[in-house]
Amino acid sequence: MGIFDFLRSRHKASASIAKERLRIIVAQERSQRGAPDYLPLLRREILEVIRKYVNVDMEAVDVHLENDGTHSVLELSVALPGQSAELTGGLRAEG
Amino acid sequence: MNHEAENDDRNAEGELSGDGTQESGAPQPVPSDSRSPTAGIAATGAEKLAEIIVVTSGKGGVGKTTSSASIAVGLARRGKKVAVIDFDVGLRNLDLILGCERRVVYDFVNVIHGECTLKQALIKDKRHDTLFVLAASQTRDKDALTKEGVERVLTELRDEGFDYIVCDSPAGIEKGAYLAMYFADCAVVVVNPEVSSVRDSDRILGLLASKTRRAELGAAPVAQHLLLTRYNPARVINGDMMSIDDVKDILGIEVVGVIPESEGVLAASNAGVPVILDDESNAGQAYEDAVARLLGEQRTMRFIDAPKKGLFSRLFGG
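Protein sequences appear in the order of chains A and B.
At position 11 of the first sequence (counting the first as 1) the number is 300 in this note's numbering, and the numbers step up by one without a gap.
At position 101 of the second sequence (counting the first as 1) the number is 226 in this note's numbering, and the numbers step up by one without a gap.
To be clear, the hints were calculated from the coordinates, so they are not data collected in a lab.
This structure is a prediction, so every number in the text was calculated from the model and none was measured.
Glycine included, every Cβ here is placed at the ideal spot set by N, Cα and C.
Keep in mind that the hints are not guaranteed to be accurate.
Just a sample of chain B residues kept apart from chain A, beta carbon distances all over 12 Å, derived [unchecked claim]:
| hint | residue |
| --- | --- |
| 1 | Gln245 |
| 2 | His253 |
| 3 | Cys311 |
| 4 | Glu319 |
| 5 | Gln349 |
| 6 | Asp365 |
| 7 | Gly397 |
| 8 | Gln410 |
Sample of chain A residues lacking proximity to chain B, with all beta carbon distances greater than 10 Å (derived) [as the list claims (entries may be wrong)]:
| hint | residue |
| --- | --- |
| 9 | Glu318 |
| 10 | Arg319 |
| 11 | Asp357 |
Distance windows between CB atoms, simulated [said to hold, decoys possible]:
| hint | chain 1 | residue 1 | chain 2 | residue 2 | range |
| --- | --- | --- | --- | --- | --- |
| 12 | B | Gly421 | A | Asn356 | 44 to 50 Å |
| 13 | B | Ala392 | A | Asp346 | 48 to 54 Å |
| 14 | A | Arg322 | B | Arg338 | 18 to 24 Å |
| 15 | B | Ser335 | A | Glu334 | 23 to 29 Å |
| 16 | B | Lys336 | A | His353 | 21 to 27 Å |
| 17 | A | Asp346 | B | His238 | 40 to 46 Å |
| 18 | B | Thr425 | A | Ile335 | 50 to 56 Å |
| 19 | B | Gly297 | A | Ala302 | 50 to 56 Å |
| 20 | B | Leu420 | A | Ala368 | 27 to 33 Å |
Start from the sequences, fold in the hints, and give me the full structure.
Here it is in structure tokens:
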């Protein structure tokens, strides 16, 4: 430990930031692996419809497809801004 | 077009024999060489098939070709009969790393198109009798490689009694990379401890599990190994670089080797001598260990700790 190391230790070690970011993105990409190609487009169109009514963030819609063997579940989760009282929570569609 | 350029080059070198066969590779190439160390193995284990190893990564510039060359040489040094194929059509480089660039007459695409025989295109390594190189074509035609053509070449290599076929994949996930991995039994995924390389490697692992012949046939999956390159232990200790365990945790597969960042790697490619032949360099020794592990030996990881610091750097950091 050098006597000047305390100057450096004020920065968070960048390797741990890298690891954390990768953990998240890799997990997300793995969950989408093998999913149909239309999902990103579906997500965008849903987002556009919602944005006609509520000013939501680009990241607000989460589209998730899960396979339960015999049937698949398409889960849509829309995070709405906190102030808007009329619509809160998630939308769930099964089929 | 491509051919004319090569012909010019060859004539300039004066290395072309009249019938267009490769300088030293073609006439007496593949099997029937009773002095070959692999002849005995082939005779006893007649049914043993060649193992196809793909060296891949997704991201470019992480050390695929350097690793392919060293792995191929490492296997050949152990008496295995090895073919190493450059799948990077349009950007031939494996020949340079192996130091045989002036002996390329025919290439992989020529063989696939039936413009020469496989034996004519295989370049015998000058240092190892049992190592043969199949160069990539310099054509710009993206469809030069076909799945049927690649399969034909691999089958012929198997029939010729090769023990290992090392496929040096191009970067990216397009056709060349797809065909390089499609027939593989085993994959060496080359990764740098850096965010984009790790992410791309994960993508490649997904493709290995779904877009290969083994996956399509529902056979045993392609064996996956991580080869960590450009590893800098001092930066890992400083927290500036992800550690071996970090990368292993994220990708979830075992590490077959860790190649330290080393001046020896550039020196080796400058000279056209694969770095595994440089016994002095840490990188060369680390490749030697990695090859041993690929063959099932247990070896502890070396060169993964930072060099000891002197008093000055202890006091002032460094």
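Against the structure, the hints come out as follows:
{"no.": "1", "hint": "Gln245", "verdict": "holds (42 Å)"}
{"no.": "2", "hint": "His253", "verdict": "holds (39 Å)"}
{"no.": "3", "hint": "Cys311", "verdict": "holds (21 Å)"}
{"no.": "4", "hint": "Glu319", "verdict": "violated (8 Å)"}
{"no.": "5", "hint": "Gln349", "verdict": "holds (14 Å)"}
{"no.": "6", "hint": "Asp365", "verdict": "violated (6 Å)"}
{"no.": "7", "hint": "Gly397", "verdict": "holds (35 Å)"}
{"no.": "8", "hint": "Gln410", "verdict": "holds (25 Å)"}
{"no.": "9", "hint": "Glu318", "verdict": "violated (7 Å)"}
{"no.": "10", "hint": "Arg319", "verdict": "violated (7 Å)"}
{"no.": "11", "hint": "Asp357", "verdict": "holds (20 Å)"}
{"no.": "12", "hint": "B:Gly421 - A:Asn356: 44 to 50 Å", "verdict": "violated (36 Å)"}
{"no.": "13", "hint": "B:Ala392 - A:Asp346: 48 to 54 Å", "verdict": "holds (52 Å)"}
{"no.": "14", "hint": "A:Arg322 - B:Arg338: 18 to 24 Å", "verdict": "holds (19 Å)"}
{"no.": "15", "hint": "B:Ser335 - A:Glu334: 23 to 29 Å", "verdict": "holds (27 Å)"}
{"no.": "16", "hint": "B:Lys336 - A:His353: 21 to 27 Å", "verdict": "holds (23 Å)"}
{"no.": "17", "hint": "A:Asp346 - B:His238: 40 to 46 Å", "verdict": "violated (53 Å)"}
{"no.": "18", "hint": "B:Thr425 - A:Ile335: 50 to 56 Å", "verdict": "holds (53 Å)"}
{"no.": "19", "hint": "B:Gly297 - A:Ala302: 50 to 56 Å", "verdict": "violated (31 Å)"}
{"no.": "20", "hint": "B:Leu420 - A:Ala368: 27 to 33 Å", "verdict": "violated (52 Å)"}
Violated hints, listed in ascending order, are 4, 6, 9, 10, 12, 17, 19, 20; each of the other numbered hints is respected by the structure.
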